[in-house]
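**Q** Spelled out from the first residue to the last, the chains are:
2 protein chains.
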Amino acid sequence: MKNIQQIKLGILGGGQLGRMLAQKAFDFNIQLYVLDPDKDCSCKFLGNFLTIGNFRDFDTVYQFGKDKDLITIEIEDVNVDALKQLQKEGVQVFPKPEHIEMIKDKGLQKMFYKEHHLPTANFLWMDEPNWMNLENKIPFVQKLRVGGYDGKGVSVIKNQYDASKLMQGSSLIEELVDIEKEIAIMGARNEAGQIKLFPVVELVFNDEANLLDYLFSPANVSIEIELKAKEIAGKLLQEMQFVGLLAIEFFVTKKGEVLINEIAPRPHNSGHHTIEANYTSQYEQMLRAIFNLPLGNTEAIQAAVMYNVLGEKGYEGVAIAQGIEKLCEMPGAKLHLYGKTITKPFRKMGHITITAKSLQEAVDEMNELKKYFKIIA
Amino acid sequence: MKNIQQIKLGILGGGQLGRMLAQKAFDFNIQLYVLDPDKDCSCKFLGNFLTIGNFRDFDTVYQFGKDKDLITIEIEDVNVDALKQLQKEGVQVFPKPEHIEMIKDKGLQKMFYKEHHLPTANFLWMDEPNWMNLENKIPFVQKLRVGGYDGKGVSVIKNQYDASKLMQGSSLIEELVDIEKEIAIMGARNEAGQIKLFPVVELVFNDEANLLDYLFSPANVSIEIELKAKEIAGKLLQEMQFVGLLAIEFFVTKKGEVLINEIAPRPHNSGHHTIEANYTSQYEQMLRAIFNLPLGNTEAIQAAVMYNVLGEKGYEGVAIAQGIEKLCEMPGAKLHLYGKTITKPFRKMGHITITAKSLQEAVDEMNELKKYFKIIA
Chain L
2 MKNIQQIKLG ILGGGQLGRM LAQKAFDFNI QLYVLDPDKD CSCKFLGNFL
52 TIGNFRDFDT VYQFGKDKDL ITIEIEDVNV DALKQLQKEG VQVFPKPEHI
102 EMIKDKGLQK MFYKEHHLPT ANFLWMDEPN WMNLENKIPF VQKLRVGGYD
152 GKGVSVIKNQ YDASKLMQGS SLIEELVDIE KEIAIMGARN EAGQIKLFPV
202 VELVFNDEAN LLDYLFSPAN VSIEIELKAK EIAGKLLQEM QFVGLLAIEF
252 FVTKKGEVLI NEIAPRPHNS GHHTIEANYT SQYEQMLRAI FNLPLGNTEA
302 IQAAVMYNVL GEKGYEGVAI AQGIEKLCEM PGAKLHLYGK TITKPFRKMG
352 HITITAKSLQ EAVDEMNELK KYFKIIA
Chain F
2 MKNIQQIKLG ILGGGQLGRM LAQKAFDFNI QLYVLDPDKD CSCKFLGNFL
52 TIGNFRDFDT VYQFGKDKDL ITIEIEDVNV DALKQLQKEG VQVFPKPEHI
102 EMIKDKGLQK MFYKEHHLPT ANFLWMDEPN WMNLENKIPF VQKLRVGGYD
152 GKGVSVIKNQ YDASKLMQGS SLIEELVDIE KEIAIMGARN EAGQIKLFPV
202 VELVFNDEAN LLDYLFSPAN VSIEIELKAK EIAGKLLQEM QFVGLLAIEF
252 FVTKKGEVLI NEIAPRPHNS GHHTIEANYT SQYEQMLRAI FNLPLGNTEA
302 IQAAVMYNVL GEKGYEGVAI AQGIEKLCEM PGAKLHLYGK TITKPFRKMG
352 HITITAKSLQ EAVDEMNELK KYFKIIA
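As given, the protein sequences belong to chains L and F, one line each in that order. Each residue of the first sequence is one higher than the one before, counting from 2 in this note's numbering. Each residue of the second sequence is one higher than the one before, counting from 2 in this note's numbering.
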């Protein structure tokens, strides 16, 4: 095998996840190249190591990848055929193209869980959803099989009046489960087959934007729930023969079931806090996994709360971070801005992680800070 | 005042310190530009945000700086006249040019300590050192006033046989003190006058290379010694009216005195461990100081040992990091390679910080890791 520093790594996508991955990659002297359509993307600081091009286009991905040794992604919505071709020609691709393909399609994802007896909410696969066939399923959640992200492509149908929310396009129709809370596990597996899981975290969503609002580490769940989630996560990584970093989101139901909601084959919201709060960050773990290095210690060092910094409602234009002085006065707050020039309501502009000796201390700091720190224009 | 993201920051020097500063600067969306003579320097990943040019040259520094809002350094050996000119024309320069000038010259540094009653080893200023005048001072340390770094420009004269070690050039002749141990404090001060000190660390030097071998945090010193060092550090920052990050190295003598050895107005070896081991890293603290933001919490989260990864003896050429698998197996070890293509004996190629719940645990891991992890060619 080549030495890690001799391997040219190409990343499809230069958003915030690529940015934070790059920040860590330098510590290993990794030769890094990024492909993104937007010259003003979060990885623009890489200058001429950033190629401007569409990662959904076969030729662009193929041309970008053919002189690289290893290709990875920070977004699933990439041209998988080009990745398969590159793999055929000897370029390593992690996560594997077939996993990206499966995860991009919520239908295939669900089928995988079902076939492998991994717990998930009951569902129907419906290529042409129409109200007539669905009225008797109320309440349910409609998820477009492809193209959804951050709450887009998801409709919650609670009663007759929600008929207009029904979307066109091949969909999953999922039983609306009675959610007690949402939790997540970041897991990693390398080619050698080593698996490591980060501790379970708790997710709280912003209903208005359908985006993660904040995250607690550790999650306030029973040991029983924690063990169930870990068992499912380990089994999933193993049965997929996954290579890379996998985010696994779960519903914990009021009955105490732990159901896989959805997964993502890349760094994720649910692991941002690991930069400060754990021995190994999710970004370092991903690099270790795709370079087939021993995986890092996932243990938490401190309690943490992480929240997304979204563009403030009512502002659109050149972004200004307001309240940075207040943030700097907080003993445990760490800012991560994503280098995005333009803000608009609910755009993910950055995140803040607050670490402390106890979770309560961190939450108190967050509540105080949220009054002051805003992205306006 | 401009918003932090609207300020163009120029850094003179693109070595490892500039590299680690850049890695942190992205988290604040700071617009970063680096000047370095070597296109293969540690900041090469910045692509077109790296200007190739000599930071010792007036015109180069002036041209680089005149369209920036704020200039800082990661090396003292820069053209101070250009910085003074830029300052005159309205560019902010932190650390202040007069402090860089003073610190570059070990003679002026020492005079400052003397004038301000800051404890330091006794010394003579000698423009043309010659054996005749010095023989009766044995044992002593000769330090060239300018140009020394990492042990270069320093001669320890212990007896008559060391006559040949005497160097030409204007020098400090310093009493050889009976050193119990060496300690250091990283301190910061912003324009508003706020001062924060990191906890005291202990330094152990490699006699052969005259480079820092490893560092312990916390230092194994009495509270009395710790308080003495902190008092001196605080007084020094205050009396200098320093703005930025200052590394202060001390001798602790066998008699229990705490003497300033030397200082550096920038990130330093003595603060690398803060990336993982403290709430705020020295790099973030420096950014806060020069942008006049509230300074960060300097408290340690974990015990840490940091050691420099030097080019292995007997190897010169394209660097290869050997033993990276072993490093990845260590629960608390974090690698920071500096992106240098070529290794040679004792060249600083990176550093490793090991954090753990106790210092002993971290030291045990270091001793194990040192057997395996090497930079060869």
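Worth double-checking, as some hints may not be accurate.
[Claimed, not checked] Pulled from the structure, derived: some chain F residues nowhere near chain L, Cβ distances all over 10 angstroms:
id: 1; residue: GLN6
id: 2; residue: PHE27
id: 3; residue: ASP28
id: 4; residue: LEU47
id: 5; residue: LYS85
id: 6; residue: GLY152
id: 7; residue: LEU167
id: 8; residue: GLU181
id: 9; residue: GLU300
id: 10; residue: ALA320
id: 11; residue: GLU326
id: 12; residue: TYR339
id: 13; residue: GLY340
[What the hints assert, rightly or not] Think about it this way: if two alpha-carbon atoms lie no more than 30 angstroms apart in a straight line, the pair counts; the simulated DSBU-like pairs of lysine-lysine are:
id: 14; chain 1: F; residue 1: LYS197; chain 2: L; residue 2: LYS375
id: 15; chain 1: L; residue 1: LYS45; chain 2: F; residue 2: LYS25
id: 16; chain 1: F; residue 1: LYS89; chain 2: F; residue 2: LYS138
id: 17; chain 1: F; residue 1: LYS45; chain 2: L; residue 2: LYS358
id: 18; chain 1: F; residue 1: LYS69; chain 2: L; residue 2: LYS9
id: 19; chain 1: F; residue 1: LYS115; chain 2: L; residue 2: LYS9
id: 20; chain 1: F; residue 1: LYS45; chain 2: L; residue 2: LYS69
id: 21; chain 1: F; residue 1: LYS40; chain 2: F; residue 2: LYS314
id: 22; chain 1: L; residue 1: LYS45; chain 2: F; residue 2: LYS314
id: 23; chain 1: L; residue 1: LYS45; chain 2: F; residue 2: LYS40
id: 24; chain 1: F; residue 1: LYS358; chain 2: L; residue 2: LYS358
id: 25; chain 1: F; residue 1: LYS327; chain 2: L; residue 2: LYS236
id: 26; chain 1: F; residue 1: LYS97; chain 2: L; residue 2: LYS327
id: 27; chain 1: L; residue 1: LYS25; chain 2: F; residue 2: LYS115
id: 28; chain 1: F; residue 1: LYS358; chain 2: L; residue 2: LYS40
id: 29; chain 1: L; residue 1: LYS9; chain 2: F; residue 2: LYS197
id: 30; chain 1: L; residue 1: LYS40; chain 2: F; residue 2: LYS256
id: 31; chain 1: L; residue 1: LYS9; chain 2: F; residue 2: LYS45
id: 32; chain 1: F; residue 1: LYS197; chain 2: L; residue 2: LYS327
[To be verified] Now the stretches of chain F that chain L is said to cover, found in silico as 3 or more residues with beta-carbon under 8 angstroms:
id: 33; region: 49-60
id: 34; region: 104-112
id: 35; region: 284-298
In short, the hints are calculated from the structure, not lab data. We put the beta carbon where it would ideally sit given N, CA and C, even for glycine.
**Q** Next, verify each hint and record whether it holds.
**A** So, going through the hints one by one against the coordinates:
no.: 1; hint: GLN6; verdict: violated, 6 angstroms
no.: 2; hint: PHE27; verdict: violated, 6 angstroms
no.: 3; hint: ASP28; verdict: violated, 5 angstroms
no.: 4; hint: LEU47; verdict: violated, 6 angstroms
no.: 5; hint: LYS85; verdict: holds, 29 angstroms
no.: 6; hint: GLY152; verdict: holds, 25 angstroms
no.: 7; hint: LEU167; verdict: holds, 40 angstroms
no.: 8; hint: GLU181; verdict: holds, 32 angstroms
no.: 9; hint: GLU300; verdict: violated, 8 angstroms
no.: 10; hint: ALA320; verdict: violated, 7 angstroms
no.: 11; hint: GLU326; verdict: violated, 6 angstroms
no.: 12; hint: TYR339; verdict: violated, 8 angstroms
no.: 13; hint: GLY340; verdict: violated, 5 angstroms
no.: 14; hint: LYS197(F) / LYS375(L); verdict: holds, 27 angstroms
no.: 15; hint: LYS45(L) / LYS25(F); verdict: holds, 15 angstroms
no.: 16; hint: LYS89(F) / LYS138(F); verdict: violated, 44 angstroms
no.: 17; hint: LYS45(F) / LYS358(L); verdict: violated, 38 angstroms
no.: 18; hint: LYS69(F) / LYS9(L); verdict: violated, 33 angstroms
no.: 19; hint: LYS115(F) / LYS9(L); verdict: violated, 54 angstroms
no.: 20; hint: LYS45(F) / LYS69(L); verdict: holds, 19 angstroms
no.: 21; hint: LYS40(F) / LYS314(F); verdict: holds, 26 angstroms
no.: 22; hint: LYS45(L) / LYS314(F); verdict: violated, 38 angstroms
no.: 23; hint: LYS45(L) / LYS40(F); verdict: holds, 19 angstroms
no.: 24; hint: LYS358(F) / LYS358(L); verdict: holds, 14 angstroms
no.: 25; hint: LYS327(F) / LYS236(L); verdict: holds, 27 angstroms
no.: 26; hint: LYS97(F) / LYS327(L); verdict: holds, 26 angstroms
no.: 27; hint: LYS25(L) / LYS115(F); verdict: violated, 44 angstroms
no.: 28; hint: LYS358(F) / LYS40(L); verdict: violated, 44 angstroms
no.: 29; hint: LYS9(L) / LYS197(F); verdict: violated, 41 angstroms
no.: 30; hint: LYS40(L) / LYS256(F); verdict: violated, 61 angstroms
no.: 31; hint: LYS9(L) / LYS45(F); verdict: holds, 15 angstroms
no.: 32; hint: LYS197(F) / LYS327(L); verdict: holds, 17 angstroms
no.: 33; hint: 49-60; verdict: holds (count 3)
no.: 34; hint: 104-112; verdict: violated (count 0)
no.: 35; hint: 284-298; verdict: holds (count 6)
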